[in-house]
Structures are given as structure tokens and as C-alpha cells.
Amino acid sequence: MTRAERYRLANGLAFLSPWLVGFVVFLLVPVVLSFYYSFCDYSLLQAPAFIGGGNYRELAADPVFWKSLTNTLVYAAMALPAGLLVSLGLALLLNQRVPGQSVYRTIIFLPSLVPTVASAMLWLWLFNAKLGLINTLLETAPFRAAIGGLNGLLGLLRLPPLQTPIGWLTDPTWALPALALMSLWGVGHTVVIYLAGLQDVPRELYESAELDGAGAWRRLRNVTIPMISPVIFFNLIMAIIGTLQVFAVPYIMTGGGPARATYFFTMYLYDNAFTYLKMGYASAMAWIQLLLVLALTAVAFWSSKRWVHYQSK
Amino acid sequence: MRIVRALVLAALAAVAGYLLLFGGRTGAGPGRGRVVVRYWEKWTGKEAEQMMQIVDDFNNTVGKEKGIYVQYLSMSNVNQKTLVATAAGVPPDVAGLWDTQVAQFAAIDAVEPLDDLAARHGITADYYKPVYWEGCRYDGRLWALVSTPAAVALHYNKRLFLERAKELRAAGLDPDRPPRTLDELDRYATALDTFTELPGGKKQIARSGYLPMEPGWYLAYTGYWFGADLYDEKTGRLKLDDPKMVRAFEWVKNYSVRLGKDSMTEFRSGFGQFASSQNPFLVGTVAMEQQGPWMANYIENLKPSMNRWRFPKEKEKGLPLASRQANYEWGAAPFPAADPALGDVTVAPFDTLMIPKGARHKEEAFEFIAYVNRQDVSEKLNALHCKNSPLRKVSDAFLRSHPNPYIAVFERLATSPNARGVPPVPIWPEVADELGVAAQRVYLLEAEPAQALADAQKRLQEKLDEFRKRQRIRAGGERE
Amino acid sequence: MATAQAEKRAERGGGAVPRSVVPRPARRTPRRAHPERWVTVLALLLISVGFVLPFVWMLSTSLKTLDRTMEMPPRFLPDPVVPQNYLTVLQNPKLNFPLLTRNTLIVAVLSVVGTTLSSAIVAYGFAKIRFRGNGTLFGVLLATMMIPFPVIMVPLFGIFRWLGEHTPVPFLGTLTPLWLPAFFGSAFNIFLLRQFFLTIPAELSEAAQVDGCSDWGIFRRIVLPLARPALAVVALFTFMGSWNDFMGPLVFVQDPSQYTLALGLQTFQSQHGGTEWNLLMAASLLVILPVIVLFFMAQKTFIQGIATTGLK
Numbered sequence: 000m001t002r003a004e005r006y007r008l009a010n011g012l013a014f015l016s017p018w019l020v021g022f023v024v025f026l027l028v029p030v031v032l033s034f035y036y037s038f039c040d041y042s043l044l045q046a047p048a049f050i051g052g053g054n055y056r057e058l059a060a061d062p063v064f065w066k067s068l069t070n071t072l073v074y075a076a077m078a079l080p081a082g083l084l085v086s087l088g089l090a091l092l093l094n095q096r097v098p099g100q101s102v103y104r105t106i107i108f109l110p111s112l113v114p115t116v117a118s119a120m121l122w123l124w125l126f127n128a129k130l131g132l133i134n135t136l137l138e139t140a141p142f143r144a145a146i147g148g149l150n151g152l153l154g155l156l157r158l159p160p161l162q163t164p165i166g167w168l169t170d171p172t173w174a175l176p177a178l179a180l181m182s183l184w185g186v187g188h189t190v191v192i193y194l195a196g197l198q199d200v201p202r203e204l205y206e207s208a209e210l211d212g213a214g215a216w217r218r219l220r221n222v223t224i225p226m227i228s229p230v231i232f233f234n235l236i237m238a239i240i241g242t243l244q245v246f247a248v249p250y251i252m253t254g255g256g257p258a259r260a261t262y263f264f265t266m267y268l269y270d271n272a273f274t275y276l277k278m279g280y281a282s283a284m285a286w287i288q289l290l291l292v293l294a295l296t297a298v299a300f301w302s303s304k305r306w307v308h309y310q311s312k
Numbered sequence: 096m097r098i099v100r101a102l103v104l105a106a107l108a109a110v111a112g113y114l115l116l117f118g119g120r121t122g123a124g125p126g127r128g129r130v131v132v133r134y135w136e137k138w139t140g141k142e143a144e145q146m147m148q149i150v151d152d153f154n155n156t157v158g159k160e161k162g163i164y165v166q167y168l169s170m171s172n173v174n175q176k177t178l179v180a181t182a183a184g185v186p187p188d189v190a191g192l193w194d195t196q197v198a199q200f201a202a203i204d205a206v207e208p209l210d211d212l213a214a215r216h217g218i219t220a221d222y223y224k225p226v227y228w229e230g231c232r233y234d235g236r237l238w239a240l241v242s243t244p245a246a247v248a249l250h251y252n253k254r255l256f257l258e259r260a261k262e263l264r265a266a267g268l269d270p271d272r273p274p275r276t277l278d279e280l281d282r283y284a285t286a287l288d289t290f291t292e293l294p295g296g297k298k299q300i301a302r303s304g305y306l307p308m309e310p311g312w313y314l315a316y317t318g319y320w321f322g323a324d325l326y327d328e329k330t331g332r333l334k335l336d337d338p339k340m341v342r343a344f345e346w347v348k349n350y351s352v353r354l355g356k357d358s359m360t361e362f363r364s365g366f367g368q369f370a371s372s373q374n375p376f377l378v379g380t381v382a383m384e385q386q387g388p389w390m391a392n393y394i395e396n397l398k399p400s401m402n403r404w405r406f407p408k409e410k411e412k413g414l415p416l417a418s419r420q421a422n423y424e425w426g427a428a429p430f431p432a433a434d435p436a437l438g439d440v441t442v443a444p445f446d447t448l449m450i451p452k453g454a455r456h457k458e459e460a461f462e463f464i465a466y467v468n469r470q471d472v473s474e475k476l477n478a479l480h481c482k483n484s485p486l487r488k489v490s491d492a493f494l495r496s497h498p499n500p501y502i503a504v505f506e507r508l509a510t511s512p513n514a515r516g517v518p519p520v521p522i523w524p525e526v527a528d529e530l531g532v533a534a535q536r537v538y539l540l541e542a543e544p545a546q547a548l549a550d551a552q553k554r555l556q557e558k559l560d561e562f563r564k565r566q567r568i569r570a571g572g573e574r575e
Numbered sequence: 088m089a090t091a092q093a094e095k096r097a098e099r100g101g102g103a104v105p106r107s108v109v110p111r112p113a114r115r116t117p118r119r120a121h122p123e124r125w126v127t128v129l130a131l132l133l134i135s136v137g138f139v140l141p142f143v144w145m146l147s148t149s150l151k152t153l154d155r156t157m158e159m160p161p162r163f164l165p166d167p168v169v170p171q172n173y174l175t176v177l178q179n180p181k182l183n184f185p186l187l188t189r190n191t192l193i194v195a196v197l198s199v200v201g202t203t204l205s206s207a208i209v210a211y212g213f214a215k216i217r218f219r220g221n222g223t224l225f226g227v228l229l230a231t232m233m234i235p236f237p238v239i240m241v242p243l244f245g246i247f248r249w250l251g252e253h254t255p256v257p258f259l260g261t262l263t264p265l266w267l268p269a270f271f272g273s274a275f276n277i278f279l280l281r282q283f284f285l286t287i288p289a290e291l292s293e294a295a296q297v298d299g300c301s302d303w304g305i306f307r308r309i310v311l312p313l314a315r316p317a318l319a320v321v322a323l324f325t326f327m328g329s330w331n332d333f334m335g336p337l338v339f340v341q342d343p344s345q346y347t348l349a350l351g352l353q354t355f356q357s358q359h360g361g362t363e364w365n366l367l368m369a370a371s372l373l374v375i376l377p378v379i380v381l382f383f384m385a386q387k388t389f390i391q392g393i394a395t396t397g398l399k
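Protein chains in written order, with my numbering: chain Z, 0 to 312; chain B, 96 to 575; chain E, 88 to 399.
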């Protein structure tokens with residue numbers, strides 16, 4: 000190590016020191032402890048007793064663990080891409096110069112400010128199979144016609160027709176898609192980050208693309224998307240972390256039902272920890288979740304080399 | 096615009112600053128100079144107010160004498176908060192938990208054993224009705240006492256019975272009394288069902304006579320009415336897949352099959368919340384329900400007209416119970432068993448008072464628990480909650496002037512030899528959840544009853560065995 | 088310098104003419120005009136209605152009697168209108184709204200100050216100082232974002248208990264556990280700020296370095312002023328986050344005299360659905376109102392702040 004290198008190291012660590020201290024005290028120690036607990040029988044109140052890989056063995060044989068894992072992955076497969084696309088679309092719209100722009104922006108961001116209890120309640124009502132707003136809308140003529148057409152198509156494909164009214168939260172087939180749909184309401188944070196990224200795209204690029212005869216779609220594909228790819232990447236990572244930890248909304252709205260159709264990984268983890276008082280078992284689950292998130296993020300990072308472009312080094 | 100913005104921001108900042116500096120502070124509590132016993136309880140709303148009366152009484156009498164002040168705090172998820180606070184070393188002194196937690200909390204040492212304290216206050220087995228006393232015990236020791244008990248009974252809507260008198264009679268049933276056998280209950284239910292015809296020729300349920308899943312709180316215990324045991328204490332094995340349990344769940348399934356799974360689900364999604372005047376029993380969309388004695392309390396608060404069916408309340412004064420009953424639009428009776436040989440079967444759930452491990456004021460906390468268990472106090476509280484008494488001795492006044500006109504039914508059920516409680520299984524909350532899911536799978540027709548129960552049995556027996564194995568490891572480890 | 092592929096592609100089309108020399112096309116060329124914009128406006132209007140409708144319902148619920156909130160089918164207009172619900176919430180002795188607000192403010196203000204300051208310092212270290220292990224530590228930082236809260240919650244308890252016993256400062260039973268960690272940077276905000284700092288051209292700091300400026304000097308005199316809008320974003324995100332945080336207070340606060348607003352809202356919820364929805368909605372609206380106002384006012388700074396600022 001040269002002197003300059005050593006100087007930079009000391010300097011760097013000095014700047015990092017608040018985080019390093021916090022990391023050790025508020026994260027590393029707890030995480031190491033929880034790693035240890037994952038090999039223990041631990042109920043919070045009695046001292047943890049080491050039992051080896053028992054928790055992990057029990058998990059592997061626990062159908063509810065697998066069910067909650069599958070639910071979470073299926074939900075993520077729906078909510079994650081949908082959320083990224085919808086928020087990008089909204090951001091593109093909100094980036095247009097139109098009268099009342101700031102009002103629209105505030106409106107789109109509003110839902111992310113609503114306390115979870117309140118928004119869960121709201122959507123319980125919207126989704127109500129019999130009296131909810133959504134099914135009421137679906138009963139109107141244009142939607143009825145559309146569903147009729149869809150059912151004709153499904154009939155041709157020899158698929159079962161769509162049954163109405165849809166039991167959004169009461170039918171095990173619909174409950175997960177319903178929650179994914181609802182998640183789109185709270186994309187405000189993501190939209191704001193996209194918007195910021197969009198503002199960062201130099202106007203000249205659009206202008207030269209336009210001079211070149213590029214239409215809206217080509218401008219989007221060849222200018223906007225590559226230019227905001229770091230932002231997309233950021234949102235992707237945040238979405239991976241967020242969707243795999245989904246908890247509060249289904250906990251309040253469905254309690255995991257019907258028949259565990261919306262029982263998510265974090266819910267089972269939470270129940271194990273605080274309802275069944277199996278802190279060790281919960282810690283093992285937490286570690287599996289952590290590894291899962293890390294694996295997915297690693298894939299995202301690996302792929303990012305191909306599609307994410309930073310403007311400076 | 097700029098100015099407006101600056102003004103609004105300044106106003107926000109001013110309010111924030113004011114609140115930061117002078118925002119409501121809590122004064123020193125009225126418990127000054129007395130030992131403050133912190134009491135966490137699950138109830139909110141009316142039931143909380145009623146319990147607070149008892150707390151106030153205590154603070155003004157026994158508490159004053161002995162220098163104890165009980166601070167009542169309502170909170171949701173009280174079991175989880177109690178546990179976390181206990182782990183953090185800052186537990187409340189008294190926690191109002193559920194009976195389903197007694198074995199669980201006891202097995203992991205989350206609560207203090209109460210045998211000695213109870214004995215010193217003269218609270219023993221023969222002071223209590225057996226089903227509640229047993230429910231407070233686990234592994235040979237006492238861990239909890241009862242605040243308010245209950246017994247589950249059939250609640251039925253007399254007005255709807257009269258409305259469908261013709262159909263009931265046609266089915267050979269008497270509209271002036273509740274069903275007495277399970278078979279009768281099914282026939283009553285069918286005769287009470289009504290439908291509306293939709294334009295497309297589809298039928299929509301308008302009212303149902305009975306739905307096992309409404310409110311569905313006791314689906315896990317349905318087997319009791321079929322003579323099933325959920326647990327064999329001697330062998331330590333769960334008996335969830337017992338043929339009698341399977342029969343019970345077959346019975347649940349039949350309701351879905353008869354009414355149609357989808358129309359039933361749609362029908363249920365129109366129900367209002369339990370504690371609202373839109374409760375399906377209160378609005379008459381469900382004619383019969385499995386409920387506890389608290390129903391009288393909720394009806395009184397949410398739909399008082401149901402408690403004044405024939406004449407004003409004042410006229411009830413001094414009337415014998417039987418004549419008072421005529422003034423109620425609803426009635427309560429033992430929920431019929433599948434096997435007529437099983438008389439007065441019920442599940443008898445209760446609310447508990449426990450002292451978390453490490454509570455700072457154990458003795459004082461128990462003073463309060465003992466106070467709540469004094470016959471006069473217990474009767475006052477349970478009359479307020481419209482519930483029966485947990486105690487063996489019941490005063491005449493309690494029975495005579497009880498606001499629940501069917502109190503005799505609940506007292507009878509609670510003392511019945513077939514009154515059953517939560518099995519002493521240390522992982523019971525998990526078992527109850529799994530049974531709930533099994534019941535859902537059955538009534539959503541996702542699985543056959545035998546299959547759903549076999550799955551539950553397999554999974555939970557493994558969990559229970561694992562739990563025991565670990566306790567052995569722990570016991571071994573601690574001996575070293 | 089790594090040039091974005093996009094620029095390459097665009098330049099390929101634009102020929103060799105430097106971008107800055109390309110004349111700006113007239114603002115109102117016919118092609119850019121109005122059909123497209125009208126579609127945008129229409130779409131925005133429709134979407135906004137969808138997003139606002141639930142709020143209107145919240146407002147209407149907050150003005151209903153409890154009974155009417157559970158009416159089936161629900162009605163949109165409250166009848167009778169009960170504005171007293173708001174007074175009930177504000178004066179509810181069990182809830183003590185001013186006290187809850189004060190507690191929330193304490194936590195929020197301290198969290199904002201702590202997070203913004205510490206995250207900026209750390210982010211500078213990650214973005215601008217090239218030292219061995221930087222990449223690895225950054226990977227660790229990202230990994231920490233993925234740790235589910237329940238995992239660390241219980242050990243955290245133990246740590247705060249231990250800290251309380253071994254320092255003169257009490258931890259459990261106070262609001263401290265809610266804001267103290269903020270002073271040690273938050274991974275999300277560090278990540279966010281690092282991404283901003285990365286886009287500040289290296290030439291700037293290199294020039295300053297040549298002038299003999301230390302890293303601390305560069306951070307304070309160059310990076311911090313440039314990043315002011317970005318810091319505003321972090322501050323606002325943190326404020327909103329801690330204003331609405333439910334899990335933290337749920338776990339660390341037991342005594343009602345230390346409840347925050349988000350936790351207080353739960354007072355209206357009860358076990359068997361005896362929720363007082365009208366009061367819950369009134370209280371929710373009161374709770375989110377300041378945040379909405381704040382966001383509306385700061386919306387432009389907020390979004391520009393997230394965008395990279397400064398030199399292009």
C-alpha cells in the first residue's frame with residue numbers, strides 16, 4: 000500500500016465511520032445473534048438452546064413454509080414488473096408540461112402518505128365482491144361487454160370463462176392478483192424517483208433525436224430508457240427488497256386467507272416469532288429470506304452490466 | 096404563490112414548535128404515593144369502559160386501603176405486546192390475555208405461576224366452575240385466573256322464525272322453539288333460507304338459516320358437538336383426524352355444497368362487521384348463529400330494538416326471566432349435538448388475567464386479580480359484560496337481575512360435564528390456526544374433510560413432537 | 088469517461104455536429120403539438136380521479152356517524168354530516184392528540200436531522216473516496232437493506248436494554264430507540280445520496296484537491312451545496328417515513344404517554360371489528376394533512392432534488 004492509498008483508506012473509513020458504528024451495533028450484532036438463534040430453540044423468554052440445524056430441517060418439511068414462499072414469489076412476479084412499468088408510465092405522463100402538473104404529481108404521491116390501516120380498510124371496501132366499487136364498475140355495460148368478449152375468446156381457447164362477480168379477496172385464485180393490483184396504488188415513491196431521473200435527461204438528446212426523425216416510441220427506447228437506466232436499476236433493487244417483504248397490507252386485509260392464498264413469507268415469519276413464539280424458527284426463515292433477496296439482487300447486479308449506463312465514472 | 100408557500104410553511108413550523116415546547120404532557124398520575132400496577136387489556140369500546148368501572152372501584156376501595164393504583168391500558172395485539180415487553184424486561188404487571196395462551200405462555204415461562212398467591216387468597220379448585228379452572232392450569236400448576244368467562248350457545252332470531260312459520264311447519268318443525276338436534280338444525284336452516292331471483296335466472300342468497308362459517312370463531316371446536324376430542328393428554332397426541340372430527344367437517348362442507356360455494360362466498364362478502372349494527376345476525380341476514388353470551392351486550396349497544404321487541408324496557412322490572420325473554424327478538428339455547436346422548440355440549444372460552452414473568456409488583460398485581468375474582472365483583476363485571484359467572488357459587492341476585500335474559504342457559508352450559516375448553520396443548524395457537532385453515536379449505540371445497548384434517552394432523556403432530564423434543568433438550572441442557 | 092450508449096446512438100443520428108450547437112427546434116412545431124398533449128391531460132385526469140376517489144371516500148367516512156360508515160351498500164355522501172368527529176378525535180382524552188403529535192415531532196425532527204447529516208457524510212465516503220474495500224463495504228451496505236426488520240428486532244431489544252444498563256442514559260421506556268439509529272446513517276439514503284454524488288463530475292473535486300482542499304473541505308464546500316436539493320429529498324423521505332412509521336413504535340413503545348400518531352391510530356381499531364371507522368378516518372386525515380401540505384409545497388424541490396443537479 001502506498002502512502003496515498005493508506006491516506007485514502009483512513010480518510011474513507013473516517014467518512015464511513017458513523018455508518019460503520021451503526022452497522023456494527025444496530026445491524027451486525029443483531030444479525031449475528033439472529034444467525035445464532037436460527038440454530039437454537041428460542042422463545043424470547045428463555046435463554047436460547049442450541050439445537051443445530053433442527054429449524055432448517057423442520058422448515059424443509061413444513062408445507063406452510065413452502066406455501067408462503069410460493070405465494071410471495073408469485074406475488075412478486077406480478078407486482079414487481081407491473082409496479083415498475085406503471086410507475087414509469089405515470090412518471091412519463093407527469094413529466095409532460097401540462098397545466099396543473101404539480102397538482103397531478105401530488106395526487107399520484109398521496110396514497111403513499113396514507114397510514115396502512117386506513118388504506119387497507121379502503122381497499123377492503125373497494126374489493127368487496129358484492130358491494131365494492133370495482134365490481135360495481137365491472138357490472139356497467141362497457142365492462143360487461145368486454146368481459147363477454149373475453150369469455151368468448153376464452154371459450155375458443157377452451158378455457159373456463161371468467162365468473163362474475165369476482166370474489167377479489169374471497170376467492171383463492173383472485174386474492175393474490177387483487178393484492179398486486181392494490182400495490183399499484185402506492186407506487187408514488189417509485190414515480191417520484193423516476194420523475195427525478197427523467198428531469199435529468201438532457202433536452203438536447205431528445206431534440207437531436209427528433210431532428211433525426213425519431214418518433215415518440217423510438218425516443219423512449221433509444222434515449223429515455225438508456226438515460227434513466229440507473230434509476231430503473233435503483234427502483235428494481237428497491238422493488239425486489241420491498242415485494243419480498245410484503246407484510247402489513249395482507250396482514251390487515253386478509254390475515255393470509257382465504258385458505259392461506261395470501262399468506263406471505265414475512266407473515267409466516269412474524270407469526271412464528273410473535274404468535275407461536277418460535278424465535279429460532281423465525282430467525283431461520285429470516286435468514287432464508289435474506290439469502291433469497293441477496294441472490295435476486297445479485298442477479299440484478301450481474302445483469303445490470305448489460306443495460307445500466309452511468310453518465311460519469 | 097411564494098408568499099402563500101412561505102406563510103403555510105411558517106404556520107406549520109409554528110404549530111410544530113408550539114407542540115414541541117408545550118404539547119400536551121401527561122401530569123403525574125393519580126397514583127401518586129401508591130404502587131402503580133400496570134394492567135394491559137385487549138378490550139376497547141364498551142367492554143373496556145365496563146372493565147374500567149371495576150378498575151375504578153378497586154382504586155377507590157381495596158386499592159386505596161392497600162396503597163395500590165391500577166392503571167388500565169387498552170391495546171390491540173395485547174398478547175404480542177405483552178410478550179415483547181416481557182422479553183425487554185418491562186412487562187406490565189397484569190395482562191388480560193386469551194385462554195388459548197395459557198398453555199403456550201406457561202410452557203415457555205412467560206408468566207408467573209399463581210398457585211401460592213391464589214391459595215393465600217382462598218381461590219382454589221372448588222371456588223371455580225371446573226371447565227374454567229382446568230383452563231387456567233397447565234402441567235399441574237395454575238397460571239391464570241378468569242376475568243370474564245363464556246359458553247357458546249345457539250342464538251336464533253325469533254322474528255325470522257315467525258316470518259317463515261309456514262315453511263317451517265311444512266317441514267314438520269315448530270317455529271316457536273329452537274332446534275333440539277343437529278338434524279333439526281339443518282332442517283330449520285333450509286326452511287329459513289331465502290333467495291332472490293336475478294334477471295339471468297341466477298339465484299342469489301338473500302338470507303341464510305345457518306352458516307357454520309358465520310362467525311366461524313369456533314370452527315376448530317366443531318368436533319366437540321360430534322363427540323370428538325382434539326387431544327389425548329395421556330399419549331400426548333393430537334386427534335385432529337379423528338373420524339368424529341371428519342364427520343364434523345363433512346357437516347360444515349354440506350352447507351357449502353347445498354348453498355353453492357360461490358353464491359355463499361358472495362353472500363358473506365355482503366356482511367357488515369361483527370361489532371356494528373350491520374352484523375348479519377342483527378340485520379337478520381343470518382337467522383341462527385353460534386355465539387357467546389356477550390351477544391346480548393352487543394345487541395343492547397348496537398340494535399337496542401331487538402331487546403325491546405314487545406314492550407318498553409321499564410316493564411321488564413320485576414318480571415321473572417321467562418316472561419322477560421318474550422321481550423327479546425332473539426333467543427339462546429344449547430347448540431344441538433350430533434349425538435343426542437351428548438347433552439349440553441359447548442365450548443367454554445374465557446378471558447384471563449395473568450402476571451407476566453418479571454413483573455415488578457407481583458403481590459399488588461395479584462391483589463387486583465383476586466379482587467376481580469371476588470364473587471360480588473366478578474358478578475358485577477360479568478353482568479356488565481352480559482356473561483355468565485366463572486365461579487361455582489352464583490348469587491340469586493346475579494341470576495335474577497342479569498341483563499342477559501338467557502343467563503340460565505349459559506350457566507347451565509358452563510356447568511355441564513360436556514363443557515369443553517381449550518386442550519392443554521403448548522402449541523395451541525398454531526393448532527387453532529391450522530384447524531381454521533383446514534375448515535376454510537373444506538368450505539371453499541378445496542379439499543375433502545378427511546384430507547384437510549389428515550394434513551393438519553400430520554403437520555401439527557410433527558410440530559408438537561418437535562416442541563417436546565426441544566423441551567427435553569432444554570431440560571437436559573439446563574441440568575448440566 | 089464512460090459515455091452512455093444512448094448518447095452514442097443519438098450522436099450517430101445527429102452526425103458530427105456538437106450537441107450544444109444544434110439549434111433548438113422551435114417550441115411550437117406542428118408535430119409536437121396538441122393531440123398528444125390532450126391525450127396526456129385526459130390520461131392524467133382519469134388517473135387522478137382514480138387516485139383521489141379513495142380520499143374522497145375517506146373524507147366522507149370521516150363525516151359520517153359510526154353506523155352509517157358500515158352501511159351496506161355504502162353511500163358516498165354523508166347524511167347526516169358529523170364534523171364533530173374531528174373534535175372528538177382532537178379532544179379524546181384516551182388519545183391525547185397534542186401529546187401524540189409532540190412525540191411524533193420529536194422522533195421525526197431528530198430522525199431527519201440525524202439521517203440527513205450522517206447519510207451525507209457516509210455517502211461522500213462511498214462516492215468520492217477511492218480506497219481499498221470501498222466496493223465491498225458498499226455491497227455490505229446494500230445487503231443491509233435486505234435484512235427484514237423482525238430479524239434484528241429482538242436482538243435490538245437486548246442491545247437497548249444493555250445500553251440502558253451500562254450507560255447513564257435510559258433507552259427502553261423512552262423515545263430514544265426510535266431516533267437514535269438515524270444518527271448512524273440509513274442504508275437507503277446513503278445509497279440514494281451516493282448515486283447523486285457519483286454524478287457530480289470528478290473534475291470538480293480533483294480541481295479542489297489540487298488547490299489543497301481536504302476531503303472534508305470538498306464535502307462541505309462543494310458537494311454539500313451542490314447536493315442541497317438531494318438532501319432535501321432525504322429529509323422529506325425521512326420525515327414522511329418516521330411520521331407514518333408503525334412498526335418501530337409498535338415494538339419499542341409500550342407506554343401510551345409515548346405513543347406516536349401512527350400508533351395512536353390503532354386505538355380506533357379493535358379485535359373483533361369494533362373499529363370506529365369514522366374516527367379512524369378523521370384521525371388519519373388529520374395525521375396525513377401536514378404531510379400532504381408539505382409535499383405539495385415542496386414537490387418541485389423534491390423532484391428536482393432527486394434529479395441530479397449542478398453541472399452537466
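A hint or two may mislead.
What the hints assert, rightly or not - One side only, chain B facing chain Z, incomplete, derived with CB under 8 Å:
| # | residue |
| --- | --- |
| 1 | Gly365 |
| 2 | Leu540 |
| 3 | Arg567 |
| 4 | Arg569 |
Hints listed in this document are in silico derivations from the structure and should not be mistaken for laboratory results.
Ideal Cβ placement from N, Cα and C applies to all residues, glycine included.
For the hint on glycine 365(B), does the least C-beta distance to chain Z fall short of 8 Å?
-> holds, 4 Å
Satisfaction of the arginine 569(B) interface hint, Cβ to chain Z closer than 8 Å = holds, 5 Å
Per-residue hint verdict: leucine 540(B), partner chain Z, C-beta under 8 Å | violated, 10 Å
Could you check if arginine 567(B) really has its C-beta closer than 8 Å to a C-beta on chain Z?
-> violated, 11 Å
Checked against the numbered hints listed earlier, the structure breaks hints 2, 3; every other hint is satisfied.
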